[in-house]
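Below, each chain spelled out in residue letters.
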Amino acid sequence: MWLTSKIKQVLLVLKPGVVTLKYPFEPHPVPKNFRGQPVWDHHKCIGCGGCAAHCPARTILVRDLCQDLRVMMYDGSRCTYCGRCADVCPESAITMSEQYELATNDKNDITLSMELFMLTCQRCGRCYNREKTNMIDKMGLKGFRYDNLELRAVIQKATEHFDEKMLEESDRHQRPRKIGE
Amino acid sequence: MLSKICKKAFTKSLWIYHCNSGACNGCDIEILNVLTPYYDVERFGMKLVASPRHADVMLISGAVTRPMLPLVKKAYAAIPEPKLVFGIGSCAIGGNCWFDTYNVTGGADKAVPVNFIVPGCPPRPEAIIYGVAVALGLANKKAAPVELKQVEFPVDMYLANKAWEERNVIYKVLND
Numbered sequence: 001m002w003l004t005s006k007i008k009q010v011l012l013v014l015k016p017g018v019v020t021l022k023y024p025f026e027p028h029p030v031p032k033n034f035r036g037q038p039v040w041d042h043h044k045c046i047g048c049g050g051c052a053a054h055c056p057a058r059t060i061l062v063r064d065l066c067q068d069l070r071v072m073m074y075d076g077s078r079c080t081y082c083g084r085c086a087d088v089c090p091e092s093a094i095t096m097s098e099q100y101e102l103a104t105n106d107k108n109d110i111t112l113s114m115e116l117f118m119l120t121c122q123r124c125g126r127c128y129n130r131e132k133t134n135m136i137d138k139m140g141l142k143g144f145r146y147d148n149l150e151l152r153a154v155i156q157k158a159t160e161h162f163d164e165k166m167l168e169e170s171d172r173h174q175r176p177r178k179i180g181e
Numbered sequence: 001m002l003s004k005i006c007k008k009a010f011t012k013s014l015w016i017y018h019c020n021s022g023a024c025n026g027c028d029i030e031i032l033n034v035l036t037p038y039y040d041v042e043r044f045g046m047k048l049v050a051s052p053r054h055a056d057v058m059l060i061s062g063a064v065t066r067p068m069l070p071l072v073k074k075a076y077a078a079i080p081e082p083k084l085v086f087g088i089g090s091c092a093i094g095g096n097c098w099f100d101t102y103n104v105t106g107g108a109d110k111a112v113p114v115n116f117i118v119p120g121c122p123p124r125p126e127a128i129i130y131g132v133a134v135a136l137g138l139a140n141k142k143a144a145p146v147e148l149k150q151v152e153f154p155v156d157m158y159l160a161n162k163a164w165e166e167r168n169v170i171y172k173v174l175n176d
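Chains as they are written, first to last, in my numbering: chain A, 1 to 181; chain H, 1 to 176.
The hints are simulated quantities; they were obtained by calculation from the structure and are not laboratory data.
Computed from a predicted model, the values in this text were never measured in an experiment.
Take the hints with a grain of salt, since some may be wrong.
[Unchecked claim] Straight line, CA to CA, 35 Å or less: simulated DSBU-like cross-link-like pairs of lysine-lysine:
#1 A/44 with H/141
#2 H/149 with A/22
#3 H/83 with H/110
#4 A/22 with A/8
#5 A/22 with H/172
#6 H/4 with A/165
#7 H/47 with A/22
#8 H/141 with A/32
#9 H/83 with A/15
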């Protein structure tokens with residue numbers, strides 16, 4: 001009797017066939033509307049910093065090295081792949097690619113830094129309205145906004161002099177740490 | 001070098017201990033999905049084990065919360081050498097959007113040394129398999145740091161200007 005049951009099992013298994021993917025040896029396409037690693041187009045980017053303001057995990061950081069040079073850094077290690085940066089970008093410079101094979105042994109492999117050449121308003125230094133106090137209005141802003149007053153004091157404003165120290169700091173940038181540590 | 005050691009140390013099979021340190025269960029479901037017949041990872045000889053003392057590899061999912069921190073450290077200490085630690089998902093790598101929250105350590109690397117990271121929120125089962133394949137040396141890693149520049153010269157130009165000004169200071173002092 002056990003033999004017939006085994007034969008039955010084999011026949012049952014033969015019917016659907018092999019369903020296992022040969023994934024690591026053969027590529028497997030992603031479904032439609034899949035959000036993978038965000039990709040920046042530095043020719044389209046105007047450096048408004050809207051992506052930095054809207055990122056829930058604060059992966060995008062804006063550094064102003066001097067009056068006409070802005071460095072934007074993307075730290076992909078804590079990215080949620082939510083696609084808000086792509087939604088909010090006014091020039092659609094950010095697109096969510098289909099790249100998901102991002103496994104590495106080094107965190108620096110999933111970072112991106114972008115140097116932008118900026119033109120600033122001669123009158124105010126910046127052309128973005130960051131004085132709005134209404135939170136709902138702030139959410140709708142497309143430019144870069146400061147989180148709070150404390151952070152605003154820390155972030156340096158654009159200067160005429162090139163800040164070499166800041167460049168070094170941004171090269172060896174480390175994620176923000178808690179005050180208690 | 002690490003992959004070479006892996007090839008020697010883990011020739012037969014990897015036994016995996018799955019440690020949830022405060023994840024939302026998204027990454028855990030994907031890890032279990034990897035073991036299903038569709039993404040069958042047991043063909044590489046991998047197997048989930050219940051005790052860290054039986055394991056070679058520790059999968060950490062979730063930003064390590066404050067109550068979980070000593071437990072994660074204990075579980076890591078219980079794994080016999082040689083051991084590998086995988087950070088699965090954005091929470092385990094950098095803390096995701098809780099990277100600076102008051103009761104979160106902000107990533108598994110603050111608690112234990114992490115050897116390999118698999119980003120994603122949650123990572124696809126393929127991404128986890130790919131991470132394992134990278135660790136075993138079956139595949140090459142594709143991610144690399146990117147540097148984009150709108151114009152090629154600015155930083156170099158500013159540095160050169162500064163060097164030129166500093167050089168001219170000597171002549172100014174001499175003239176005075």
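Hints and how they fare:
1. A/44 with H/141: OK: residue 44 of chain A and residue 141 of chain H at ~29 Å, within 35 Å.
2. H/149 with A/22: Violated, at about 39 Å.
3. H/83 with H/110: holds (17 Å)
4. A/22 with A/8: holds (27 Å)
5. A/22 with H/172: violated (72 Å)
6. H/4 with A/165: violated (40 Å)
7. H/47 with A/22: holds (18 Å)
8. H/141 with A/32: holds (24 Å)
9. H/83 with A/15: violated (41 Å)
The structure fails to meet hints 2, 5, 6, 9 from the earlier list, while all remaining hints are met.
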